[in-house]
Every structure is written in C-alpha cells, then in structure tokens.
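Generate the whole structure from the sequences, applying the supplied hints.
Counting in this note's numbering, the first sequence runs from 1 upward without gaps.
Calculated from the structure, these hints are not laboratory results.
You may find that some hints are simply not true.
Per label pair, the in silico range of CB-to-CB distance [unchecked claim]:
1. Arg245 <-> Ser134: 27 to 37 Å
2. Gln294 <-> Arg133: 10 to 20 Å
3. Gln313 <-> Ala70: 35 to 45 Å
4. Glu119 <-> Glu195: 29 to 39 Å
Here are the computed lysine-lysine pairs in the DSS-like style, where the Cα-Cα straight-line distance is at most 30 Å [unchecked claim]:
5. Lys40 <-> Lys124
6. Lys298 <-> Lys124
7. Lys368 <-> Lys298
8. Lys25 <-> Lys177
9. Lys25 <-> Lys40
All residues carry an ideal CB built from backbone N, CA and C; glycine is no exception.
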Amino acid sequence: MWPTTPRASTRCREGPSSLLTADEKAGFERRLLAWYRRAKRDLPWRDSADPYAVLVSEVMLQQTQVATVAPYFERFMATFPTVRDLASAVPDDVFHCWQGLGYYSRARNLPRAATRVVEAFDGKIPGSVDELRSLPGVGPYTAGAVASIAFGRTEPAVDANVARVLSRIFAVPGDPKSGPTNRTLWAHAADLVSESAPRDWNAALMELGSLVCRAASPACDECPVAFGCAAKERGETDRYPELRRPRPTIAVEDVAVLVESAGGVALVRRPDGGQWGGLWELPRVRRGDGEELQAAAKRAPLEVCGVAVTDLQPLGAIQHTITRYRVRLHGFRGTGDGADLVALACAEARWVAPDAMGAYALASPQRKLLRLARRVDTDFPAP
DNA sequence: CTCCAGTAGT
DNA sequence: ACTACTGGAG
Numbered sequence: 001m002w003p004t005t006p007r008a009s010t011r012c013r014e015g016p017s018s019l020l021t022a023d024e025k026a027g028f029e030r031r032l033l034a035w036y037r038r039a040k041r042d043l044p045w046r047d048s049a050d051p052y053a054v055l056v057s058e059v060m061l062q063q064t065q066v067a068t069v070a071p072y073f074e075r076f077m078a079t080f081p082t083v084r085d086l087a088s089a090v091p092d093d094v095f096h097c098w099q100g101l102g103y104y105s106r107a108r109n110l111p112r113a114a115t116r117v118v119e120a121f122d123g124k125i126p127g128s129v130d131e132l133r134s135l136p137g138v139g140p141y142t143a144g145a146v147a148s149i150a151f152g153r154t155e156p157a158v159d160a161n162v163a164r165v166l167s168r169i170f171a172v173p174g175d176p177k178s179g180p181t182n183r184t185l186w187a188h189a190a191d192l193v194s195e196s197a198p199r200d201w202n203a204a205l206m207e208l209g210s211l212v213c214r215a216a217s218p219a220c221d222e223c224p225v226a227f228g229c230a231a232k233e234r235g236e237t238d239r240y241p242e243l244r245r246p247r248p249t250i251a252v253e254d255v256a257v258l259v260e261s262a263g264g265v266a267l268v269r270r271p272d273g274g275q276w277g278g279l280w281e282l283p284r285v286r287r288g289d290g291e292e293l294q295a296a297a298k299r300a301p302l303e304v305c306g307v308a309v310t311d312l313q314p315l316g317a318i319q320h321t322i323t324r325y326r327v328r329l330h331g332f333r334g335t336g337d338g339a340d341l342v343a344l345a346c347a348e349a350r351w352v353a354p355d356a357m358g359a360y361a362l363a364s365p366q367r368k369l370l371r372l373a374r375r376v377d378t379d380f381p382a383p
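As structure tokens, then:
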C-alpha cells in the first residue's frame, strides 16, 4: 500500500519533501477511518455537533485525560449550556464548576473566550484556525481540533496522542515539544489530514494514540496502520517519541490552618494567574527551613489574613505534587477571634459558615485536607 | 512511586 | 527556548 518505511522519516526534519503519495495517503485514510468507526468510544462530547460543546470539551481535554474530563464536561454543559450563558457567568460559578480539574487559567480564559465570541463573532464560535487562535486559552492544538471536529475544516490538530502516533509512523527523532520536531509533526499532520472526513480523521488519530498506539506497551497487533509504521518496522516503538526526561522534583512542606471562630472558617482567595489562581483555600504558608510545624501554623493565618490563632491542633498531612514540587501539606485547626480579616497575602479573605464552604471552589489538596478535618470532627461538613 | 497531558508568559 | 501551571490513573 505504501513503502514499509514511508519516505517521510528521518532525514528530513522539516519541509515538504517528507510527504506520502496520494495512493499511500488514501490507504492510510481508509484503514484508519474504518478502524475508528468500529473502535471509537462513546464520549459525552461526541453526542453533539455544537461548536461550543466541542470548544468546551477540547479546552477541558488540554493536559487532562478523557476519564477525568467526562463528568466535568457534563456538569459544565448543564450549568452553562450556551456560549452566551458562559459569557455572562459569574467567575466564581465557573471556578466552582472547574474545581478539581486543574490548570485553572482555563477556567478564567474560557469565559473570556465566550465573551469575545459574543462580542466579536455575534455569539457564534468562529470556524477558522486564525479566528479560533484569537480566543484566550485556544492554542494551535485546540484551534485545529475545533476547526476540524466542529466545522469539518481540513486542518491538522497535533496533541500528544497524535504526536506519538506520527513520531512512530515516521520515526521522527527529537522531543515533540521542541520547535523543529514539533514543526515536523505538524507538517506530517497537515499532509495527512483527510479532505473528505477531517472530523473523523483527527478524532481517529487521537483515538488511535489513546487506545492502541499507547505510550507504554502499544498494541501494534491491533493497529490498522502498523503496516506502514517505521518504528514498528525497526522494533523500536519504545524509542519514539523521544520525550525529554522531566526535571527532578523538589520536596517542600506546607502548613494550612482551619481557623474557626464565631463567624465561621477563614477562607482566602488566591490571586489570579499563579498557582490555583482564583480558587479559595485555608491560609497556608511554606514551612521554613528547620521551622517547627506549630510555628508555621501560627504564622500562616497571621501572614495571610492577619488573624491570630490559639489552641492549634494537628489534623495530619496529605501529599500532592504540583509541577516540580512534591508537597507534604500539614493541616492544623485553631481558634481565631472572629475579628475582621485582612487580605495580606491573598486576593480576598472571608469568614465562611462551615456549611457554606461547599459553594467555594477549592483545589484538590485543600479538599483532601478538609476531609482530614472531618475525620477528626465529624460535625465538620464534608468538602 | 511513575506516567501522562497544551497554553501563555517571559 | 524555557518555564509555570495540576490532578488522576496505574
């Protein structure tokens, strides 16, 4: 059908010389689409052709796996069914819907994108890659995915799945995230993308990467295009893609305090933009080098929101990893005087009635911490 | 514990 | 080009 090692491949890092012939592409397309129609998963966002639903799902799928996204997508679409609903949404409601999904800049950008769609595109998600790229939070991948999947445009879309598939088929050396290798992969994707069924084509390439051409132990015997795969041909599927190894993690310790008073529990809002931007949390500080946990616990509410606590008791600790930090998060509870909070090292600070805390968007480690509090005191509401 | 996944700011 | 940003699954 096509040469066992497509002409593509290794020598050409960029440029149009690495292309398949029309016959080769046709065979590739026929096999992959036939496989996709048989093997595709029934995912919530595949029920709808609404470009807004496609946009929401693709933004949620950025850096986030299908199984994690599915329930969030359904809740989000039920809460903000149209782009106009999202454009006029209260930011806190969007964060609340997004809590636990991670990368919260997406929850800030998506309503901004919706607002732009309403103001610049008359409430209709635009169909061209350039217009899509003008929406905040929409990069090359998301623009290509929405243009092809929602609008049937013949546009490539290279996510990590597609990058893996293509780097194996063409034995593309180098880290897919590096500039030159990334451009090579996009060139292959652009060359291959179907003109008759771009929707299914891009979805199929991603589905293949996710289900068959997996990072670990790819199922080459189930692969509809194994015949033309250069990496398989060489018995080197595990050498592609050449991912750069992650930097080592740094161990740190944080201390957060559940401050209780007559007015409720002290919650503080993280400033937009950084870690957990826009979300709420218990006052928290990094434990200093050699600092006693109790001392850090005393410091946290004082430095973050200007409240002194007495009667500090440990709640235990949880573990989480955030980018390159491996964090042990210690929880304490203590009594505050209920005086006014001052937003010192936070965007906002409030006393919140314990049973009203469910309305606040918290990051996952904070939820876990509150579950510890609940184990100690069963009167405390579950997060 | 290890692995995995796009965008934007600098 | 480099780096920050999360959480869940295995």
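Here is how each hint holds up against the structure:
1. Range check, Arg245 to Ser134: about 35 Å between beta-carbon atoms, so the 27 to 37 Å window is met.
2. Evaluation of the 10 to 20 Å hint for Gln294 and Arg133 yields a failure: the beta carbon distance comes to about 51 Å.
3. Restraint check, Gln313 to Ala70: a C-beta distance of roughly 39 Å satisfies the suggested window 35 to 45 Å.
4. Distance hint for Glu119 and Glu195: a CB-CB separation of about 33 Å, consistent with the stated range 29 to 39 Å.
5. Distance check on the hinted pair: Lys40 and Lys124 sit about 28 Å apart at the alpha-carbon level, within 30 Å; holds.
6. Annotation: proposed proximity of Lys298 to Lys124 is violated, straight-line Cα distance about 52 Å (limit 30 Å).
7. Using a Cα cut-off of 30 Å, the hinted pair Lys368 and Lys298 holds, with the two alpha carbons roughly 21 Å apart.
8. Distance hint between Lys25 and Lys177 is fulfilled; the C-alpha atoms sit about 25 Å from each other, no more than 30 Å.
9. A threshold of 30 Å between alpha carbons decides the hint, and for Lys25 with Lys40 the separation of about 21 Å falls inside it, so the pair holds.
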